[in-house]
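Given the structure of chain A, go ahead and fit chain B with the ligands onto it with the hints provided.
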Amino acid sequence: MKQEDKKGTIQDINGPIVTIKLPGVQNGEQVRIGSLGLYGEVISLEGEEALAQIYESTEMVRPGEPAEGLGHPLSVELGPGLIGGIFDGVQRPLEEMFLKAGDQIPRGLSPLPLDREKLWHFSPTENLEPNMPIIGGARLGVVQETETVEHRIIVPPNIEGELIELAPEGDYNLEETIGQVRDRHGKVHHLKLYHRWPVRKPRPYQSRDNGVEPLITGQRILDTFFPLLKGSKCAVPGPFGAGKTVVQHQVARWANADIVIYVGCGERGNELVDVLDSFPKLKDPYTGRPLMDRTLLIANTSNMPVVAREASIYVGITIAEYYRDQGYDVVMLADSTSRWAEALREVSGRLGQMPVEEGYPAYLASRLAAFYERAGRVETMDCGKGSVTLIGAVSPPGGDFSEPVTSHTKEIIQTFWALSKELADARHYPAIDWVDSFSADVGTAAEWWHENIDRGWEKRRAQAMGMLARDAELSRIVNLVGPEALSSAQRWVLEGSALIKEGILQQSALDLVDTFSSPEKQFMLLNLILSVYDEGAALIELGVPVQELAEMPILARLRRCKELYDSSQIDQLKAFRDEALNDFKEIHSEYAQRGEQTA
Amino acid sequence: MSAKEYRTASAARGGLLTVANVPNIAFGDRVHIRDKQDNTRNGQVIRSSNEEVLVQVFEGTAELDLESTWVRFLDEPIEIALSPEILGRVFSGLGEPRDYRPPIVSNLRRSISAAAFNPAARTYPKEFIQTGISTIDGLNSLVRGQKLPIFSASGLPHNRLAAQIVRQAKLPDDDSRFSVVFAAMGVSYADARFFQDEFASSGVLGNVVMFVNMADDPPVERLTLPRMALTAAEYLAFDLDRHVLVVMTDMTHYAEALREVATAKGDVPARKGYPGYLYSDLAEIYERSGRIKDRHGSITLVPVLSMPSDDITHPIPDLTGYITEGQIVLSRELHNQGIYPPVHISPSLSRLMKDGIGKDFTREDHPHVSNQLYALYARALETRNLASIIGADELSARDRRYLEFADAFERRFVQQGEDEDRSIEETLNLAWDLLSSFPPQALTRVNETEIAKYHRQSE
Ligand SMILES: Nc1ncnc2c1ncn2[C@@H]1O[C@H](COP(=O)(O)OP(=O)(O)OP(=O)(O)O)[C@@H](O)[C@H]1O
Ligand SMILES: [Mg+2]
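The listed protein sequences correspond, in order, to chains A and B. Quick note: the first sequence uses this note's numbering, first residue -9, plus one each step. Quick note: the second sequence uses this note's numbering, first residue 2, plus one each step.
Pulled out of the complex, with its shape left as it was, chain A reads as follows (with noise of 0.2 Å):
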């Protein structure tokens, strides 16, 4: 059916739910409605009607108004231009509608995502010529499009054949055409230095790898205790206030990632403001260059409206998606997938479908699935590797874990970052729970670190997983009979738990040291404070009173360690444990002699 057949009418307006009279549409597709150009997709069809979830408020919509089918599903522009940027739900640029519309979002106002005048240095593929076959995904060149992102301007997945044309090194805007390419058919297909993708539909690649190394986050609870490798999904539950946001903006900044999307769908908008604030001063510790440029936006804040909230996370993964089909390691942030859940319920309400759960629809659990499951680490079609780790805040009502987003979101990830009420309101932060979190990585994450850092991390994670066990079963006991009750080398494990907790599980976001710690001091800290810990324990054996230890000025020095040195601080890391070994050896040789002198 031709675009110009798909003209209709509006019949009625239920809030972001429209019916409209629109023969020949399809479902799934997008349309404009009204004198305003609202936009919306078509989410179900009955006969000649069609109903439509619209992204923007239809207040003064009346029946009778236009409507226009657009002929394709929603779908984003991929292409230069991305990174730096944000953008709402469905990827208008919010920049340029700030300074064309100012404060507030007008209705139907739909500015193109990327810029089209903007020239951009492109170079071809080396070895690429006319006549030469080329798949989807092949790549025909690159265009920097930061300082530390190289653009790699692909063959959209869905396009292949023989290449007919490309162009040379030079300067070109999105709309010139790069290349041409005819496929089966015979019809030839100009490239430019974007494309389009269906936001909804998972973009191909040639196979699915397992994940092999970890993403290094520089957060010692993530890193060391519950590691999340790259292709990988996670979630972080937690109550408001728990430090779900911080978490995702920690991982944001300072892990091991070519590109981050950071998605904020249904959450603040100051939050966003942070991270445009914040990111391009701060330094990426791999580059040196500001994160901002390998940093993308989505936000779709609390406020916004709801139906482009449920859009935004697809748009967001499609993105994430894109570049990794570039051969990038991705990490995309959805803060919060409870939003986008509450969206689908929403809509759902709206159409009448049987809740069955709290509200939510009985689809809740599948979409959820197929949503995380475009996270993954691929051979990309060009036969490259590329992944997307997927990390997703759950927002549990009055947090409660057992409710259908948070507990249909456990099966599905791999790892689980979960936030204590109890450890936040004791400013324990990150107040990440390590009873209740788990990580199915961690022998692979074990091997990465066995090569990289150190042979004993995995002995040495276990020994402090442990001892952190058994301080919960000592504190039961000591709130029930009293701290009387412990032996002496069983307070020596409160007192070591005690030194892991505030030395090793506790990083300040807002330190400007203890922000961030590299693997080699993440372990050094590990290992510094169970040798002490050791020590300690062989003291007791010899009678050492736990006071006499527990009083030791140099156990206050090693409780800052953390943001006393920095990670290129490794020597004087060394420098203190030596000190504190040594200490201990005084004491140890003290009572060895005393044990002698009485024998």
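Note that these hints are calculated values from the structure, not bench results. A hint or two may mislead.
Lysine-lysine pairs mimicking DSBU-like chemistry, simulated, CA-CA at most 35 Å apart [what the hints assert, rightly or not]: (1) A/K400 - A/K375; (2) A/K191 - A/K90; (3) B/K355 - A/K411; (4) B/K127 - A/K411; (5) A/K108 - A/K191; (6) B/K266 - A/K11.
Note that the coordinates shown come from a computational prediction; the quantities given were computed from them, not determined experimentally.
Showing chain B with the ligands alone in chain A's frame:
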């Protein structure tokens, strides 16, 4: 205004009126409904098709009969008239004068359901507001443009605390005061009176706009009231360049009104009968606070809500906490011990304090001091708990020190007079008085320089 009136009401149920055969009525349109006695009620279109229009009637549909009900569609959204004259005035939830004075006459009328602020238009709120209250300034600082609710419960002194904040809030070193927008939903006459007297006696009345919906006024007006108030606040802040403090009480009554309407509409409930969109609806209100690029003014929002059955996990406080930038939580236990303001610091939080305090803003030790007090108090509460099990006598000397700290903290730091306006210096010095009961090595959240400078033993 369209003059055409329809007499085609076909159903009335709860607060909803169905009108048949009225073509091309806009969604969200304002409606006047004239009943048999010729009284006018207000309404709004909440669903529209050519066959049928659904109108939400603010005053309810009681005593309407379908035969003699006339419905007029005004062809405009719900609006508020704005001019500098709104200061000093009192309005209803629909923007009608409640102070026996004439309505505001102005060419400037704005729809109360404003479009969302573009995140790219915002600037991050950073300017510390001194409220003179130690638990807020010292531990949960408020900044200009923040939304920081008070979570309270019936019988707790949230109104007194809100009034104290209004009275005392200012930037340190700057005596200019806030303009105040006061939004009261479903409040008792006593409470409304209390605030009016407060504003009068502190001489700010001329700088306050009040929107009042009493407990016996139509609940549906509670839905438009905060939007009226915020539209007025936006006008004051971004048209007139003022710093505006918006106090809203009680958001629980607002949410209950929303539930009532949602139930009448047949919306699918999520938790405790509240509709699934309660979060988005509250966010539309709370997110209207903030700072905007190149605008001088700001909107700081202090909503007050009562937690049903003192339960912080109830959907109203829960969803509020998920939207606002922290919360000040009041405790019945502290209140019963006679401590005012009974701020329970453990669950209280200010997310925006990090950029508004410290060197150049308040004092360089502020962030660490706050952290240290939190950590010590958390530990002290554990110790208090332990003492209640095994007896205080069984505690070690170290633990007893924590116990004493908990008491001193509550009595000296948390507790203060209703007229006591502590400067941030005073608050921080008081904090060091308390911290100095510990030896320096027990204080691991403050650094050595700070200890050397402020710890009493180092003197
Ligand atoms: N690692 C950390 N270091 C320092 N402060 C932290 C850290 N983690 C959390 N916080 C503190 O906790 C506050 C709340 O964290 P955050 O905003 O991330 O919570 P959240 O779980 O995202 O809450 P919500 O669900 O309401 O969005 C922060 O504003 C900050 O003050
Ligand atoms: Mg958050």
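Now the hints, each set against the structure:
For the hint pairing A/K400 with A/K375, the CA-to-CA distance comes to about 27 Å; that is within 35 Å, so the pair holds. The hinted pair formed by A/K191 and A/K90 meets the criterion: a straight-line CA distance of about 32 Å does not exceed 35 Å. Of the pairs offered as hints, the one joining B/K355 and A/K411 holds, with about 20 Å between alpha carbons and a cut-off of 35 Å not exceeded. With a C-alpha separation of about 26 Å, the suggested pairing of B/K127 with A/K411 holds against the 35 Å cut-off.
Restraint check for A/K108 and A/K191: satisfied, since their Cα atoms lie roughly 29 Å apart, inside the 35 Å limit. Restraint check for B/K266 and A/K11: satisfied, since their Cα atoms lie roughly 25 Å apart, inside the 35 Å limit.
Violated hints are absent here; each numbered hint is respected by the structure.
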